[in-house]
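Engineer: Here is what each chain is made of, one letter per residue.
Number of protein chains: 2
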Amino acid sequence: MQGVYEYIDAHLEESLEDLMHLCRQPSVSAQGIGIEETAELVAEMLQECNIKVQILPGVGGGYPVVYGELAGDSPMTLLFYNHYDVQPPEPLEEWSSPPFEPTISNGILRCRGVADNKGNIVARLSAIRAYQAVKGHLPISIKFCIEGEEEIGSPHLAAFVEQNRLLLKADACVWEGGGVNWQGQPVITFGCKGLLYVELVAREAARDIHSSTATVVPNPAWRLIWALSSLKDKDEKILIDGFYDAVRPPTQSEVEAVRAMPSEDRELKESLGLKSFLLGLSGFEFGLRHLFDPTCNICGITSGYGGEGSKTVLPCVAGAKIDFRLVPDQRPEDVLAKLREHLDRNGFEDIEIASLSGENPARTPLDSPFGKVVCQTAREVYELDPVVVPTMAATGPMSCFTDTLGIPTVCMGVEYPDDRAHAPDENIRITDFVKGTKHVAGILDRFGQRV
Amino acid sequence: MQGVYEYIDAHLEESLEDLMHLCRQPSVSAQGIGIEETAELVAEMLQECNIKVQILPGVGGGYPVVYGELAGDSPMTLLFYNHYDVQPPEPLEEWSSPPFEPTISNGILRCRGVADNKGNIVARLSAIRAYQAVKGHLPISIKFCIEGEEEIGSPHLAAFVEQNRLLLKADACVWEGGGVNWQGQPVITFGCKGLLYVELVAREAARDIHSSTATVVPNPAWRLIWALSSLKDKDEKILIDGFYDAVRPPTQSEVEAVRAMPSEDRELKESLGLKSFLLGLSGFEFGLRHLFDPTCNICGITSGYGGEGSKTVLPCVAGAKIDFRLVPDQRPEDVLAKLREHLDRNGFEDIEIASLSGENPARTPLDSPFGKVVCQTAREVYELDPVVVPTMAATGPMSCFTDTLGIPTVCMGVEYPDDRAHAPDENIRITDFVKGTKHVAGILDRFGQRV
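Protein chains in written order, with the working numbering: chain H, 1 to 451; chain L, 1 to 451.
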């Protein structure tokens with residue numbers, strides 16, 4: 001592989017030109033800006049790497065998906081999942097330079113979308129090009145599935161994957177993002193949590209009314225509070241009957257992976273100004289709970305008067321937004337049904353539940369051969385032990401790949417902890433871009449060898 | 001009194017001219033509009049009735065108070081409490097005519113402030129003028145205390161009355177407002193509830209954070225919900241230790257007064273679109289609870305994301321605004337202390353309490369001689385039995401008079417149920433204005449005779 005790695009170093013300027021070209025093209029899904037143009041630009045970039053491309057219409061009115069494939073020596077296929085959309089650039093005044101004008105200084109490339117995840121798209125393409133240029137062939141077949149709605153929650157991806165199972169058929173998937181930790185170790189992540197997002201609404205009178213009637217007029221804010229307080233107790237135990245039934249305990253190797261992870265809870269506690277974490281957790285116990293426990297979290301509550309000073313009002317409506325982070329093998333529709341049953345059984349038939357979104361959890365076994373390939377090649381390229389993370393605490397549409405397509409799916413990429421993804425001055429370090437590119441080349445090479 | 005009543009009828013045009021003149025002068029305390037001008041105009045109107053006037057500076061930076069006195073045949077003194085300020089006229093587009101241009105049609109005078117309570121100021125002055133014109137003297141002495149901050153919660157009245165006890169010394173007080181019910185019966189009210197308005201605030205992390213950390217990062221919305229749910233149970237029992245200790249049960253005559261009140265709960269239930277009131281109450285039981293029970297009401301809750309759709313956030317702060325309506329002999333400062341103790345005892349030392357306002361409850365005995373005078377003269381003028389109401393469910397600064405000055409205080413006036421006080425198209429019926437004027441004249445006459 002030395003020749004390929006040298007090629008990547010020697011052609012860095014061209015790769016960065018490609019990346020800056022892609023970054024200059026705004027593609028803000030939340031604002032509907034530059035979607036078609038970016039899909040076409042990405043398609044052209046794939047074609048330049050000899051990849052056969054189709055721009056497929058999104059399912060159900062979704063933004064288009066760029067699909068690409070390139071047959072290699074073996075029918076064994078690696079699928080890259082990426083997205084060409086980016087977060088809105090606002091607040092503009094907090095950027096050091098215009099968000100869609102890439103700048104390079106001190107080894108850092110700054111632009112909206114460069115970390116999340118145009119840098120990964122270009123690193124993957126650069127690796128493929130380098131491999132072909134040096135070796136004259138590709139040992140495995142590759143596919144790309146690059147959607148345009150990740151930053152708005154991938155609302156049409158599950159249906160797209162469902163409808164295109166055959167087209168997307170592959171033996172493994174490289175996830176859209178990943179990177180190194182503060183110590184420069186590559187972080188390889190094997191899953192993500194699921195999600196159920198609901199809004200609970202209590203309604204009583206037809207209109208807000210003077211609070212002197214609180215003697216006799218029911219107050220939906222009280223109803224909501226009593227209902228919410230029935231969901232979780234002060235020891236953080238979620239009280240919905242059967243909520244934990246489907247929770248699959250972590251495997252021994254997942255537990256050991258958490259024990260081996262560098263603990264970062266002290267830094268987080270300090271940065272958040274907290275005296276302690278929930279239940280006084282730290283270190284290994286903190287890691288176990290953070291990765292393997294489901295949550296029931298209040299994202300927002302709204303009722304009545306929230307302005308300055310006092311207003312003596314009895315509100316007619318009260319609402320709470322709640323997200324449940326789910327772990328294997330919980331399912332959002334099952335938790336939703338159990339939530340309804342719980343409320344009914346506790347005398348809260350009047351509380352309405354609107355289900356706003358759901359996502360299944362996803363997990364790839366740590367001992368999957370593909371996972372081992374990703375970790376071994378990471379060790380070689382980064383010359384450091386990779387950090388194996390059994391799952392993110394956050395959520396993504398990963399189950400489309402692990403469950404619908406049934407393939408191992410692993411995260412790796414060019415990011416680093418201070419990349420400011422989603423924030424002003426989003427950036428990557430060029431050294432990470434180079435290593436991430438070489439890591440992809442290593443995976444291409446080794447994944448073929450394992451058969 | 002026939003001559004006085006006839007004089008009032010004969011000089012109605014002049015009284016209405018006075019009222020329209022006063023209404024044309026905006027006096028919006030919340031917006032600081034027209035305060036000085038209105039105080040001077042009111043002072044002039046008092047002087048025209050031979051009343052000696054001083055415009056006293058408000059205490060502690062408050063708006064000025066118009067003080068007036070007129071010695072009569074007896075040192076026995078009746079104090080009129082009124083306010084010259086009005087509610088903001090907004091929303092302007094919902095008025096049928098400009099809010100500060102009085103219009104008369106179909107026996108109705110429409111203008112901001114005409115019901116609340118410039119109509120009462122002018123009715124009281126018209127009665128005094130009529131009595132003097134016809135009888136050539138006043139049987140009792142009178143005083144006026146007309147403040148300019150009632151519509152913003154009378155923040156400086158208590159201190160003003162405290163500092164001017166001697167000046168305001170009187171034997172009884174006529175409250176600023178009152179009127180008739182839908183059947184045209186005069187409603188005579190003998191008290192009001194007190195108030196404690198607080199804001200509870202829970203804080204955790206230094207900033208909002210991604211909700212995937214809900215496994216380990218404390219959520220202030222949960223803390224607030226658990227704290228709130230400890231304050232009141234689903235049977236509407238307030239759980240703060242000692243909360244009910246100071247509650248004085250209603251007297252037998254107060255209970256009988258409620259039994260005699262026409263019950264209006266069915267209309268209210270219909271207008272609010274409610275299936276039932278709290279605890280299924282109606283009729284007499286409804287009335288008892290509504291007038292004699294204290295409340296703990298959530299006026300508003302705010303935390304995290306309240307916009308459209310979903311945002312997966314863990315908020316760093318949560319707040320709830322709560323009003324307690326208090327009954328004799330509860331005191332806001334005592335309830336505040338008990339609330340703090342309750343939270344501490346239940347493990348909520350972290351919940352902050354900001355006290356936004358407090359007001360003592362006030363109650364005048366139904367069998368007070370002054371109350372009897374007001375009821376008897378009402379029966380004579382309205383030719384209908386008055387409705388005796390032991391207390392409003394709402395709050396006002398009445399304890400300044402009942403407790404600080406130690407005098408019986410009773411509500412009567414020119415209002416009616418559809419007067420739209422505080423709302424667009426505020427209005428009074430001219431027939432009510434005439435009867436309210438005659439009722440004041442009757443009180444002036446009879447209050448002197450009772451010695």
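Please note that the accuracy of each hint is not assured.
Since the list can't tell identical chains apart, any single copy or any two copies may satisfy a pair.
Unchecked claim - When the alpha-carbon atoms are kept at most 27 Å apart in a straight line, the in silico DSSO-like pairs for lysine-lysine are as follows: (1) Lys-52 to Lys-338; (2) Lys-275 to Lys-169; (3) Lys-52 to Lys-234; (4) Lys-52 to Lys-275; (5) Lys-169 to Lys-269; (6) Lys-338 to Lys-269; (7) Lys-372 to Lys-237; (8) Lys-275 to Lys-237; (9) Lys-269 to Lys-234; (10) Lys-234 to Lys-338; (11) Lys-52 to Lys-269.
Hint data in this document are derived by calculation from the structure and do not stem from the laboratory.
Engineer: Hints first: check each against the structure and report whether it holds.
Structural biologist: Each hint, compared with the structure:
1. Lys-52 to Lys-338: Neither way: Lys-52 and Lys-338 sit 46 Å apart in one copy and 74 Å across, limit 27 Å.
2. Lys-275 to Lys-169: Cα proximity of Lys-275 and Lys-169: none, with 49 Å in one copy and 57 Å across.
3. Lys-52 to Lys-234: Neither: 56 Å inside a copy, 64 Å across copies.
4. Lys-52 to Lys-275: neither (55 Å within a copy, 65 Å between copies)
5. Lys-169 to Lys-269: Answer is neither: 43 Å inside a copy and 62 Å across each miss the 27 Å cutoff.
6. Lys-338 to Lys-269: This pair counts as neither: shortest intra-copy Cα distance 33 Å, inter-copy 34 Å.
7. Lys-372 to Lys-237: Classified as neither: same-chain Cα gap 36 Å, cross-chain 61 Å, threshold 27 Å.
8. Lys-275 to Lys-237: Intra 21 Å, inter 35 Å, cutoff 27 Å: intra-copy only.
9. Lys-269 to Lys-234: Only inside one copy: Lys-269 and Lys-234 sit 20 Å apart there, 37 Å across copies, limit 27 Å.
10. Lys-234 to Lys-338: Both: 21 Å inside a copy, 22 Å across copies.
11. Lys-52 to Lys-269: For Lys-52 and Lys-269, the Cα distance exceeds 27 Å both inside one copy (48 Å) and across copies (69 Å).
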